[in-house]
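UniProt numbering puts the first residue of the sequence shown at 1, with every later residue one more than the last.
Please note: incorrect hints may appear among the correct ones.
Stated by the list, open to error - As a list, the in silico SDA-like pairs of lysine to any residue whose alpha-carbon atoms are at most 20 Å apart:
(1) Lys110 - Asp156
(2) Lys30 - Thr53
(3) Lys2 - Leu34
(4) Lys163 - Gln130
(5) Lys22 - Gln93
(6) Lys22 - Ala46
(7) Lys2 - Ala37
(8) Lys158 - Gln130
(9) Lys110 - Gln130
(10) Lys163 - Ser142
(11) Lys139 - Ser100
(12) Lys139 - Pro127
(13) Lys110 - Thr53
(14) Lys2 - His144
(15) Lys2 - Gln130
(16) Lys2 - Lys110
(17) Lys110 - Ser142
(18) Lys110 - Cys74
(19) Lys163 - His12
(20) Lys2 - Ser100
(21) Lys2 - Lys139
(22) Lys92 - Leu41
(23) Lys35 - Thr53
(24) Lys158 - Thr53
(25) Lys139 - Glu176
(26) Lys2 - Gly113
Claimed, not checked - Now the in silico label distances, taken between C-beta atoms and shown as ranges:
(27) Ala37 - Gln135: 33 to 43 Å
(28) Gly122 - Phe45: 33 to 43 Å
(29) Lys2 - Asp171: 29 to 39 Å
(30) Met13 - Arg125: 27 to 37 Å
(31) Ser100 - Thr53: 28 to 38 Å
(32) Gln135 - Arg43: 31 to 41 Å
(33) Lys92 - Leu27: 33 to 43 Å
(34) Asp128 - Asp171: 19 to 29 Å
(35) Ser180 - Leu27: 22 to 32 Å
Simulated from the structure, these hints should not be mistaken for laboratory data.
Note that the Cβ used here is the ideal one computed from N, Cα and C, for glycine as well.
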Amino acid sequence: MKQLLSGIAYLHMHRILHRDIKPQNILLDKEGHLKVADFGLSRSFALPTKNYTHEVITLWYRAPELLLGARIYCTSVDMWSIGCILAELITKQPLFAGDSEIDQVFKVFKLLGTPNNDVWPGVTRLPDFQASFPQWDIKPPSQHAPFSSKPSATTDVKDMLDKLLVYNPTDRLTAEEALSREFFTDARLTCPESGCFTKPERLT
Numbered sequence: 001m002k003q004l005l006s007g008i009a010y011l012h013m014h015r016i017l018h019r020d021i022k023p024q025n026i027l028l029d030k031e032g033h034l035k036v037a038d039f040g041l042s043r044s045f046a047l048p049t050k051n052y053t054h055e056v057i058t059l060w061y062r063a064p065e066l067l068l069g070a071r072i073y074c075t076s077v078d079m080w081s082i083g084c085i086l087a088e089l090i091t092k093q094p095l096f097a098g099d100s101e102i103d104q105v106f107k108v109f110k111l112l113g114t115p116n117n118d119v120w121p122g123v124t125r126l127p128d129f130q131a132s133f134p135q136w137d138i139k140p141p142s143q144h145a146p147f148s149s150k151p152s153a154t155t156d157v158k159d160m161l162d163k164l165l166v167y168n169p170t171d172r173l174t175a176e177e178a179l180s181r182e183f184f185t186d187a188r189l190t191c192p193e194s195g196c197f198t199k200p201e202r203l204t
């Protein structure tokens, strides 16, 4: 996880959104060195951000703002995907395995609650938000049984999970913030002799 966050922090520092972070795009060699792969959906970004397509990121790892039709977004969409991967490492199964966009929306809502303007200012103005959505109580992911019963889900891990899988994109941890957490204090980041980062030949 530390190597993944380091790679994504490097991309974000260079103003690149990956936009398809999922286990299949994370490669490990036999020494345990991690590489982030498949930049087919990646985009450079600038501030202020501009409109992008919301039809990016494999469905199970897609941030709620994208599911609800947002076209202005930034690095927080990658961080949601990382939160989903962290949850998957804990439970050994995908957290939100929807079979359609609306099924994916409801799987997120059932776990985290139906968002409102109190927890996510402006959510009701997103293109695909509907006032008729079923209502589930707001609750952070760490309070659910899949995480509360797992020995690997320490207090630090659950706290980081709650701060990655949070509705409001501006409240989500950045990659740099995640790396600075106490959870990674003793985590050794190993790198090949050539260095931790190998730039892809071409970014689209």
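- Message: For each hint given before, does the structure comply? Return the numbers of the non-compliant ones in rising order.
- Response: 1, 2, 4, 6, 8, 11, 12, 13, 14, 15, 16, 18, 20, 21, 22, 23, 24, 25, 26, 28, 29, 31, 33
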